[in-house]
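**Q** Be aware that the sequence shown starts at 346, since it is given in my numbering, and climbs by one per residue.
Quick caveat, the hints were computed from the structure, so don't treat them as lab data.
Just to be clear, a hint being listed does not mean it is correct.
If you anchor each label on the Cβ, the simulated ranges turn out as follows [said to hold, decoys possible]:
no., residue 1, residue 2, range
1, L706, G541, 43 to 49 Å
2, D521, K691, 49 to 55 Å
3, E470, E377, 24 to 30 Å
4, D636, A370, 43 to 49 Å
5, R582, E377, 50 to 56 Å
6, L542, K648, 18 to 24 Å
7, K714, L542, 26 to 32 Å
This structure is a prediction, so every number in the text was calculated from the model and none was measured.
Just so it is clear, CB atoms sit at the ideal spot from N, CA and C, and this is done for glycine as well.
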Amino acid sequence: MSRERKPFTDVSGKANDVRRMSKAAEIAALLEKHRGERHAIVMQDYPDPDAISSAWAHKMIAARYAIESDIIYEGRISHQENLALVQLTDLDLVRYSEGDDLSQYKGTVFVDNQGTTSALTDRFEAAGVKPLLIVDHHERQDRIEAELTDIRKIGATATIYTQYIREGLLELNKSDIQHVRLATALMHGIRSETSGLIRGREEEMEAATFLTRFTDFSMLEDILSVKRSKQVMDVIRQALENREIRESYSISGVGFLRMEDRDSIPQAADFLLTEENIHTAIVYGIIIKGDREMVVGSMRTTKVTLNPDEFLKEALGATEAGRYYGGGRRGAGGFEIPIGFLAAIKDDELVRMKWRLYDELIKKKLLAKIGVQSPVIRSEPARSDTGSLPNHSLRVEEV
Numbered sequence: 346m347s348r349e350r351k352p353f354t355d356v357s358g359k360a361n362d363v364r365r366m367s368k369a370a371e372i373a374a375l376l377e378k379h380r381g382e383r384h385a386i387v388m389q390d391y392p393d394p395d396a397i398s399s400a401w402a403h404k405m406i407a408a409r410y411a412i413e414s415d416i417i418y419e420g421r422i423s424h425q426e427n428l429a430l431v432q433l434t435d436l437d438l439v440r441y442s443e444g445d446d447l448s449q450y451k452g453t454v455f456v457d458n459q460g461t462t463s464a465l466t467d468r469f470e471a472a473g474v475k476p477l478l479i480v481d482h483h484e485r486q487d488r489i490e491a492e493l494t495d496i497r498k499i500g501a502t503a504t505i506y507t508q509y510i511r512e513g514l515l516e517l518n519k520s521d522i523q524h525v526r527l528a529t530a531l532m533h534g535i536r537s538e539t540s541g542l543i544r545g546r547e548e549e550m551e552a553a554t555f556l557t558r559f560t561d562f563s564m565l566e567d568i569l570s571v572k573r574s575k576q577v578m579d580v581i582r583q584a585l586e587n588r589e590i591r592e593s594y595s596i597s598g599v600g601f602l603r604m605e606d607r608d609s610i611p612q613a614a615d616f617l618l619t620e621e622n623i624h625t626a627i628v629y630g631i632i633i634k635g636d637r638e639m640v641v642g643s644m645r646t647t648k649v650t651l652n653p654d655e656f657l658k659e660a661l662g663a664t665e666a667g668r669y670y671g672g673g674r675r676g677a678g679g680f681e682i683p684i685g686f687l688a689a690i691k692d693d694e695l696v697r698m699k700w701r702l703y704d705e706l707i708k709k710k711l712l713a714k715i716g717v718q719s720p721v722i723r724s725e726p727a728r729s730d731t732g733s734l735p736n737h738s739l740r741v742e743e744v
């Protein structure tokens, strides 16, 4: 059974919407070309509301072409709002487990990422599954090549998918509970990427206005009002205690964290940004994932002339293969640095030395990028409530 598709009309009446119309038409042609296949919609390892809502929108759009899609990620959903979003919308997500057969898919769709923030990228390459589509709003990464790409400098990937819907790739119905939930998720995705629409551009305002007709605001309020966990509050406390302020930058290392507490790092950065006279906050810690460890950090800024993508790439550099450790978009960025063989160290004293080493190196690189003098760092043990591994409170003195 096929539904009659809405023609690709110019919904806003603006001449500059021609490009968007043609992109929607290209995606329609791509999906028609792959009609009846099974696809994997790949999110970053730690999906956010923008990724989750956009992936869901793509799944609904693809279903109109008899394409069966699974929304897949490898890491973990731990942010309280993201958990609430998935639970309240009853969204079916697939978390990859070692040994899962990826060859069952005929193609991949990368949504809100370009393969650099997903461990599934290499896994799908090894399985011989080709990328079909990339839809993203971050700076271009050139990690993978797909049949079609739609990468724009825009506030949110959810904005792009809302435009697709407005242009006829999916017709929303207020009496369809799944459509209402999707609209609510997209609204949350746009809000989360634009600080509640404060940083939204014209495209976000238009998308939000459209989605308002279908959004369940009671559900949205439930998602936004979820309380922070004790673990998140502990990390925020640690970030406050360890923060160093230089030239209106607030930089803080929070020690070792469990993988399930990873989302506390961006929340701590958001919190540090609320301090008076601070325009940029950077928080980082070492995440423990089985036998692997990695330095994970988040950057938040209100400084309009500061590009987080350029800042982190220039400050932290890249691997020998040319893949940058960090990247970002307007107002926010993140980085991930594998620790490698040093992750095997279990001796308590050596673990303390390892944290001090990485903390000092990262701060030195960040301060060098800011253009201020590097501090002398002296380590003092601090009690940690986040697990058996030690955290450190660092006293920084001027040289």
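**Q** For each hint, tell me whether it holds in the structure or not.
**A** Results of checking the hints against the structure:
no.: 1; hint: L706 / G541: 43 to 49 Å; result: violated (35 Å)
no.: 2; hint: D521 / K691: 49 to 55 Å; result: holds (54 Å)
no.: 3; hint: E470 / E377: 24 to 30 Å; result: holds (26 Å)
no.: 4; hint: D636 / A370: 43 to 49 Å; result: holds (48 Å)
no.: 5; hint: R582 / E377: 50 to 56 Å; result: holds (53 Å)
no.: 6; hint: L542 / K648: 18 to 24 Å; result: holds (19 Å)
no.: 7; hint: K714 / L542: 26 to 32 Å; result: holds (30 Å)
Figure legend: structure checked against the earlier numbered hints; the only hint not met is number 1.
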